[in-house]
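One-letter residues, chain by chain:
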Amino acid sequence: MNKVPGTLKLGLLRGQMEIIQFSRQKEAVVFTIFFPVILLAIFGSVFKDTIAPGVTFSQYFVAGMIASGLVNTGFQNIAINIPIERDMGAIKRLRGTPLPITSYFIGKAISVLVSMAVQVIILLAIGVAFFGLNMPTEPSKWLTFTWLLVLGTASSTALGVAFSSVPKNGRGASAIVSPVVIILQFFSGVFFVFTQLPGWMQQVAAIFPLKWLTQGMRSVFLPDSFAAQEVAKSWEGGRTALILLVWLIVGLFFAVKTFRWENK
Amino acid sequence: MKVIEVKGLTKSYGDFTAVAGIDLAIEAGEIFALLGPNGAGKTTTVEILAGFRAPDSGSVSVLGFDPATKGDAGRSWRNRIGIVLQTASDAGSFKVREIVKHFSAFYANPRDVDQVIEAVGLTAKRDSLVLELSGGQRRRLDVALGIIGNPELLFLDEPTTGFDPEARRAFWSLIRDLKAGGTTILLTTHYLDEAEELADRVAVITAGKIVEVSTPALLGGRSTAKATVSWLGTSGLKSEESDNPTAVVTKLAAQFGGEIPKLVITRPSLEDIYLKMIGGQHE
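Sequence order for the protein chains is A and B. Sequential numbering of the first sequence, starting at 41, is according to the numbering used here. Sequential numbering of the second sequence, starting at 772, is according to the numbering used here.
Hints are not guaranteed to be accurate.
[As the list claims (entries may be wrong)] Which chain B residues face chain A? A few, computed with CB under 8 angstroms, are given here:
no., residue
1, A844
2, S847
3, N850
4, D861
5, A862
6, F865
[As the list claims (entries may be wrong)] A short list of chain A residues far from chain B (calculated; beta carbon distances all over 12 angstroms):
no., residue
7, V44
8, A81
9, A130
10, P140
11, S143
12, E178
13, S180
14, T184
15, G212
16, A268
17, W301
Since the hints were made in silico from the structure, they are not lab data. Positions of the beta carbon are idealized from the N, C-alpha and C atoms, including for glycine.
So that you can see chain A by itself, here it is in the shape it has in the complex:
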């Protein structure tokens, strides 16, 4: 008998199916891609002044939108969609096949990465065209951007899978997951300048990945001179990578440990 196909190959196929499935839900596609753009338009119009020399609020805000896009697309969508998939019997059906559960997770991560890439391209294009966004030119910044995107996708996906065990069923999932994300966005300096938030908020935010993703994205989109205005007076790239890695491991641990193929 031939061997069953490899985990990675099946993971790529799962990713392809996840993308097809997502792309056919037209409302979700439009919402996911244009919501950050709409927010950029609103915040860009409301806050017209500069935060620092050469740094507009739009510039600051784009970093936050990309970071929170990772949390929305990875953590939030996955933690809401897995309970719905459970309700529909999709995961139970997969569970009855030789598909490894790891391939299922890989498929989710791939769809998050692809969706993020599309969101980022559109957000940046519109930002440059209409909101005076300055694109970084140094290759090192784009390198930082790439590892942030990959590590952010991985940890956000893993945490989404882990958190998907919290909602009892698909109907209640959104009500449980969304507030967590919204509060985190306010605490992490997505909508406001982080250093202007109360100290306790900053400290709470520093526990979670979104603050570090946001700060990391600022290190890509803001001039290096702005680093002096961060809490630690630097971009803290190394610490950001470490904290995202820790959250990735925590997420993977609970994802594997608590994953259920049907609702209770």
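Starting from the known structure of chain A, fit chain B onto it as the hints suggest.
Frame of chain A; chain B shown alone:
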């Protein structure tokens, strides 16, 4: 060769005993039906055999493996079985051929995608979205996904619930084709005619226990049960139970000197016997 061997299987959910000590032995190549009312323990039994649930006690061997086997051995085992569970509503935004092809990629030796779609009668719907399918078509897609891996053993949990009569006929013929191809099939159903039509052997299950295992024709002593001869006598409708209905009819024919008025000879139907076995529980 035994494909499934179960001894002393039990499973409870809290205070509710779903399976209360079941023994089963299913041979290669047969269609075996678990027949019983809702809540009798059919689905729990199948879900244990298919590796979805762990039993509380008892030994289970399916294709020589414990269904709880994990890792690569578990994957190779799943490669040899096909599972059609009770109604699912997933995969709505995929096209029929797309999802069947996707599932074929999970297995080492899958069947041909288009042949499977043809076998379940969905060729005309191959490019339709799953959410556009009717209930019966959806169920046939479930079967397609269950058999795409070319399984040696197929689990079918109440496959035709909600089908119209024509769809059931078509479905039964598909199942017979699978059997002809050498697939062993464990089927649960609460339809008597389905068990009678398809199964080589039937186990009647009620309240988590197997009451009897037999061929449909012999179930409950059906073939040896007394026949009832009834006719219109001079003082109204008469009837007589007998092991030798022919003798009774011959005797009556002599009495009437020819045609016996309103002659009817009946044997207990499978339904009569089944209802007696499950203690008068109804759906």
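Results for each hint:
Taken as an interface hint, B:A844 does not check out: its beta carbon lies about 11 angstroms from the nearest beta carbon of chain A, beyond 8 angstroms. This hint holds: B:S847 has a C-beta 6 angstroms from the nearest C-beta of chain A, less than the 8 angstroms allowed. Hint status for B:N850: holds, given a least beta-carbon distance of 5 angstroms to chain A, under 8 angstroms. Restraint check, B:D861 versus chain A: the minimum CB separation of about 3 angstroms is within 8 angstroms; hint holds.
The interface hint given for B:A862 is met, as the beta carbon of that residue sits about 7 angstroms from the closest beta carbon of chain A, less than 8 angstroms. At about 7 angstroms, the closest approach between the beta carbon of B:F865 and any beta carbon in chain A falls short of 8 angstroms, and the interface hint on this residue holds. Some Cβ of chain B comes within 12 angstroms of the Cβ of A:V44; the nearest lies about 5 angstroms off, and the non-interface call is violated. The claim that A:A81 is not at the interface with chain B holds, since no C-beta of that chain comes within 12 angstroms of its own (minimum 30 angstroms).
With a least CB separation of 3 angstroms from chain B, A:A130 falls inside the 12 angstroms interface cut-off, contrary to its annotation. At roughly 7 angstroms from the closest C-beta of chain B, the C-beta of A:P140 falls inside 12 angstroms, breaking its exclusion from the interface. At roughly 9 angstroms, the least C-beta separation between A:S143 and chain B is not larger than 12 angstroms, which violates its mark as non-interface. No beta-carbon of chain B comes within 12 angstroms of the beta-carbon of A:E178; the shortest separation is about 42 angstroms.
The beta carbon of A:S180 sits about 40 angstroms from the closest Cβ of chain B, which is more than 12 angstroms, so the claim that it is off the interface holds. For A:T184, the requirement that its beta carbon stay farther than 12 angstroms from each beta carbon of chain B is met, with the minimum near 36 angstroms. Listed as a non-interface residue, A:G212 keeps its Cβ farther than 12 angstroms from every Cβ of chain B; the least gap is roughly 18 angstroms. Taking the minimum C-beta to C-beta distance to chain B, about 49 angstroms, the non-interface status of A:A268 holds against the 12 angstroms cut.
The beta carbon of A:W301 is not kept farther than 12 angstroms from every beta carbon of chain B, the shortest such distance being approximately 8 angstroms.
Checked against the numbered hints given earlier, the structure breaks hints 1, 7, 9, 10, 11, 17 and satisfies all the rest.
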